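> Listed below, chain by chain, are the residues.
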Amino acid sequence: MAASDVVISFMILVSIYGILSLGLNLKYGHTGLLDFGHVGFYLIGAYTAALFVLAPDDPSDFTTYVVGLGDVPIIGTWGVAIIAGTVLAGVIGGLVALPTIRLREDYLAITVLGVSVIFQRIIQSETWLANGPDALRGYSPPLQSLFPLAMDTAVGAALFGVVVGAVWGITTGALGRFLDDDTRLPLRRIYAVATFGLARLRGRTDGFGSPSAIAGLAGALAGVVTFVAMTAFSPLLPLGAIVSLYTWVVALGAVTGRYAGVGRRVWAVGIGLGTGLLVALLPLPIVDSVPLKAALSLGLLGLLVGGYYAGVSRVEWLSDAKLTVVGVGALWFLSLWYFVLPILGPVGEGDLSGALNVLVQNVVWILQFGSEAGVGYAVAFVGELTASVDYSRFQLAGFVLFLVGLYYALELAVNSPFGRVLRAVRNDETVVQSLGKDPFVYKIQTMVLGSALGGFAGALWAMYAQGLTFTTFAPRVTFITLLIVFLGGAGNNKGMFLGAAIFWAFQQATTQLASYFPPAVRVNIQAFRLVVIGVLFLLVLYYIPEGLLGRDRNTGSEVDQ
Amino acid sequence: MSGDPIVEVEGLRKTFGGIVAVDGATFDIAEGSITGLIGPNGAGKTTTFNLISGFYEPDGGTVRYDGRDLQDIMRPHREETAIWGGASGITVGALGGIVGLGPLGLGAVPALGTTVAGVAAGAGGYLAKQRVTQRRPGHTNSRPHMLARDGLVRTFQLTRELGEMTALNNLMLAPQGQAGENLANAWFRRDAVADEEAAVRERAEEMLEMLEIDHLRDEPAGNLSGGQRKLLELGRVLMLEPQVILLDEPVAGVNPALTEKLMDRIETLRERGYTFCIVEHDMEVIMELSDTIIVMSEGKKLVEGRPEKIRNDEAVIEAYLGVE
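These protein sequence lines are chains D and G, in that order. Quick note on this note's numbering: the first sequence kicks off at 1 and runs consecutively. Quick note on this note's numbering: the second sequence kicks off at 1001 and runs consecutively.
To be clear, the hints were calculated from the coordinates, so they are not data collected in a lab. It is possible that some hints are incorrect.
What the hints assert, rightly or not - Quick look at which bits of chain D chain G covers, simulated, 3 or more residues with Cβ under 8 Å:
no.: 1; region: 122–129
no.: 2; region: 230–241
no.: 3; region: 412–422
Said to hold, decoys possible - FRET-style restraints, in silico, Cβ to Cβ:
no.: 4; chain 1: G; residue 1: A1192; chain 2: D; residue 2: V305; range: 52 to 62 Å
no.: 5; chain 1: G; residue 1: A1192; chain 2: D; residue 2: G376; range: 55 to 65 Å
no.: 6; chain 1: G; residue 1: L1127; chain 2: D; residue 2: A154; range: 36 to 46 Å
Keep in mind it's a predicted model, so treat the numbers as computed, not measured. Yeah, the Cβ is synthetic: ideal placement off N, Cα and C, and Gly gets one too.
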């Protein structure tokens, strides 16, 4: 599997957990309601969505469930299923909140935790409801049968247009946002081209002038252009390359802009950290003896962490930049892992065109290479490439669109007078009361909205996992979500992306590392991960209680900016 | 100079365990006046404030504001009862349906019956309970926000600033009925909300200027000094454009020059028709400001009268100095 495929499945999980965390962040970060039962709403969303798309229960097989609406036209589609899961989770969130919300913070947390366990138990023991303790499966995600896309049909071209449009729109939106405090000329040129000239609208003060509106229009245009181009000449690889390169350029621009003010020393230490991590992990694939490679790797990791700790506690300029250094190191490590490691093998064998081939596959991430179906290309110096668009890329485009859309809606909400009341409730309810506003009403609204987001994430999970078991919805999920909230910064919606990304990067990295060990050890490593996550939670709470991005300092409203 | 009573306190009583904090206090606050409330520590002044502003539920006696009993103003209104009744109905109904389908093993139609029965039981049960409790004599409610909405507001003795929010945002929070406080407006009527926000911001900035803390505009309120917090809190209640303002030690910790300004400000506001009731330990301030002074001792009203009269009252001197 190419590195890009690993990243795609990682991003899908980040989107689901990002939405889940946005919900909890609204409750805890913005309004101060400590909801230890957030997973309960995730569960409701997941099971509701699944029951909407499942075909009616067939009494002769071994699964039983109460209703299956999959055969009903319109109602049994994923769109309706997601909405139903979201709404039901929101309604139940409100119902749970009504009697419990008057409780003090810690009592509320315990009560809602209990409620979420009750939900889990109901699924487990009420066999008639959703197949009890056994997995609920037998449904498939929307449009999956069309993939990998047949590029010679209009449907194929249209769906590829959707993928390109989503990626283009989101990338353009990101570019438009950080362009505000970044004046580098090439980026402005790229923005002008990428928005098809719509960048001129920025001067306008009405709704059309905002970066988001421009990005949406540009994305839609890009989708249409893709569709037309695909039906006319079918340039799959060139189009994929353009879109992918665009995202890389924007990512590079964002990273360099973010770390523009960082000194050379800090860069050097960061790169040293990233390389050190890579070196520390090298014994795993190279050394054969299990105890030896574990000892070597752990020893080197220990040295690295010890060195970092000594550095930030002794050296002044380093302690000022302790998080920046880690950020630079992580990015450096990731780029080595993504671009350099995959081509080491072919290069070692002297197969330069093979190395280039792998590199192209990873750079043009929007296309999948090497599957049976697909458009074949023979490129000079690179060799044979078989390009296609697979389902997970389509799913990713959809999920990320949902994530960004919900993020945008939440930002609007928390930056409005509504959000100001929520912050006031978190600070001191009595004041809110003394100013003639009923905190109760706002807390209920928060619970409904936050739980609905949990339900939305659950519905997406049902779609992604294609099968549900009650064990997935243990209270553990709530605490992982809480870790994401704390990691990113409670009260900072953007932090949820970062927190979810770090959590899933950790999960995927340990899965990958565990594969270098024999199966018996592998199981132990996977179990041990939870311990590490617990320790990570403590470290975050102790050293960076504000989270990596801190609380969103923008405490004003839209007009502020 | 003082008009009809706007707040009428009659036989007000509040106990905490064995301690009788307020013991049958009876007095009026005249509309458009400044009434001072003084008394030794533990005389029940702050408790009285908490009772008048609806934060405590009284054990006895009545408070009337603008001719209406506070308890009537704070009674749950119809929408609230409907929401609670509906929620109880949905919850019990859903449980009824689950029990019918699951443990009882009924078919779809009988299960619908248990659901409907559950809805009826839940909603009916709540409404019946509500009817019984609200009609019980002496039943009290605590919904201070409803009083604030009707123009009866208070400040706190220990300032309650919203520490993580800037001074400006503390003030911008206050005005009543902002459209943007409704989530639907915040999403779908953003232009209207932005216009209103601009107006509220302008008012808040004027208020900061008037209180002479405009240099602290973007400072988190938690970083302000004690006196500055007092000012911020006064500004916050003024942003509400209330009718009656209960000030709990408004000048404690404020420097003399600013105290002077604050008193002027309160005077001006009184002339504009606001009514004030002030608890204050600074005798000079209270004597100069007040039209009427009420002296409380041990939860009761001791004396009431014009400042000159209070200054020379035997009983007051005795209560304060504890002679014999």
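> Hint numbers the structure violates, sorted upward?
Violated hints: 2, 6; rest satisfied.
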